[in-house]
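The letter at position 469 of the sequence shown is residue 469 when you use our numbering, and the numbering goes up by one with no holes.
Derived from the structure by calculation, the hints contain no laboratory data.
Beta carbons: idealized from backbone N, C-alpha and C, even for Gly.
Check each hint, because a few of them may be wrong.
Distance ranges between label pairs, derived from CB positions [said to hold, decoys possible]: (1) GLU20 - GLY560: 53 to 61 angstroms; (2) GLU503 - LEU317: 33 to 41 angstroms; (3) GLN145 - SER395: 34 to 42 angstroms; (4) TYR84 - GLY560: 43 to 51 angstroms; (5) LEU317 - GLY560: 18 to 26 angstroms; (6) GLN145 - ILE211: 40 to 48 angstroms; (7) THR477 - THR365: 24 to 32 angstroms; (8) LEU22 - LYS189: 23 to 31 angstroms.
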Amino acid sequence: MSELDTWQHHWHPALQLWSEHLQLQEPLWLFDVEATQSAGLTDNIAAIRLASQRVMVNLPMVIERDLTDFALEILAHEIGHHVYAPANMTRHLQLLAVIRQALPSVEHQAPLVANLYTDLLINHRLQRHTQCRMDQLYQRLNTGQGSPLWALYMRIYERLWQLAPGTLTPADISPEKEGDAWLGSRIIKVYSKDWLTGASRFASLLLSYLIDEAESAAETFATLQDTAEAGQGYQGTGVLQVPHIDSLHPSRDTELTDLPATTDGKDPAQNGEQGVSARGQALEPQDAFEILKAAGVDITRHDAAVRYYRDAVRPYLLPFPARVTPSPGEFLREGVEVWQAGGDPADIDWFATLLAGNPPIPGFTTQKAVYGQDNPDAQHHQPCDLDLYVDSSGSMPNPQRRISYPALAGALLCVSALRAGAAVQVTLWSGAHQCLATEGFIRNETAALQVLTGFFGGGTSFPLKQLRTTYAQPRQTPTQVVMLSDDGISSMFQDDEAGTPGEQISARTLQHCQGAGHWVLDLPYDLDDPRLQQSSWLKSAMERIQLGQQQGWQVYRVNGLEPMLQFAREFSRQYYGADATSQGER
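Can you make the complete structure from the sequences, with help from the hints?
And the structure:
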């Protein structure tokens, strides 16, 4: 039997160890160095890909390490990653997020810790409940001599499987390490079902070891890292809801030790000592990006932000607007007229012809019926296009690193408009020559969000050229012009690069948009606040904003950036909800 035949022979028995009804496609068998490098397996024995639900086996490495006798164990272990821990991409991302929170200063080691932890869960189950010889496999794999972390990890297995000290690791284990190994084994037993909480405890246990072996830990466990790139090909959600799990060293966890269940007459979980809150928390864009990268997802920070804001606005979207298109109506008989020669003879109404009492002479006395359509004047309503200008100056947050409510509000406006059938133009602006815009009015959601989630962080100078060009002529489609900013919007009334007064461009915009103009401004003070008189710059800015009001701009003052999202929800309901699209509301 060839090497490949041996592994194929053990595939279905390995599946049956988890379930009689489990179905996974056959593993990808890698036969040479080129294939393993192309798949991203150079030092690994095997690996998984959660997006494609695939197992990959590095046959050259298997032969080099003389592991063919353990084909069943290795395959069953890889299957366990697909069905038990982490099981799917969402759980894998949550696992990485929980572990990162418990690894201050060494967050980059989260993929390694996640791999070691899920391996423990899977191997313990296989060793205890199947015929798999996981203990003998690890005896064959012993490559971490001299590493305290490897010694701890192997000692955890010895305790879990009640092996004699020295079976997998040197017998002379220090009392401190022995205590840590006991805690590690308790985590696997106690949290086998609630393994996200257990992951936090396990990461806290390994923290000091990872700090001491910061440079060598990944190399020590390179052969075992089968989930390091598990996220390759993932195209899923950008916003990850992570259960709130308090970071707690396992020695302080009353579920693992004999510590008193209460400290002051209350449940420790009520004191914030341990436990999981029922309500999850959404990660910031920066954290979401880092976790995707840790999972092996090949993605840029900007693309991760696009996914993040697209998914973040989904809970706020209105039901998909169903535009009411009247049916053509019934054809009603309205009368008769003379059938002309050359027409279709089938159209002749012989009953009407004979009823007239004249001899039937084709083209002279022959009659045909005339039909009219019921409700011929049904109207077709076009939703307003959206022209969105978002301030990206230094006073605004970077949407790629932390939640930006202007970006979130803008995303909600864009997605709502596109769902209603409108076109959108998005302009991101900051200082002079810092302007990024879509290629006119588009119906491409990704392209709109790409612009929206960019960032400049410079000075403040409104892009008058963009406004002047867009509204040089009246728009054929009514357009709602929305600007998300703060008092920096006052730069809109400066002269443009051609010397055209901003006041003139602003007025022409309102005349030619055929819709309305909206300023949504983060202003911590009222426009008539007497304190504004104490600052000449603020006084000038407020005077310009008041001038905009006089021209016809609708000014929405929000105190803080978060209320911008509420404006976006109300605006979307008014202009892009089901009622607006069916009634033609403007």
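Evaluation of the provided hints:
1. Range check, GLU20 to GLY560: about 57 angstroms between beta-carbon atoms, so the 53 to 61 angstroms window is met.
2. Look at GLU503 against LEU317: about 37 angstroms separates their beta carbons, and that is inside 33 to 41 angstroms.
3. For GLN145 paired with SER395, a C-beta distance near 56 angstroms fails the hint of 34 to 42 angstroms.
4. With their beta carbons about 45 angstroms apart, TYR84 and GLY560 fall inside the hinted range of 43 to 51 angstroms.
5. With their beta carbons about 23 angstroms apart, LEU317 and GLY560 fall inside the hinted range of 18 to 26 angstroms.
6. Remark: the range hint 40 to 48 angstroms for GLN145 to ILE211 is contradicted by a beta-carbon distance near 21 angstroms.
7. A hinted range of 24 to 32 angstroms for the beta carbons of THR477 and THR365 is inconsistent with their spacing of about 52 angstroms.
8. For LEU22 and LYS189, the hinted distance range of 23 to 31 angstroms is satisfied, since their beta carbons lie about 25 angstroms from each other.
Going through the hint list in order, the structure does not satisfy hints 3, 6, 7.
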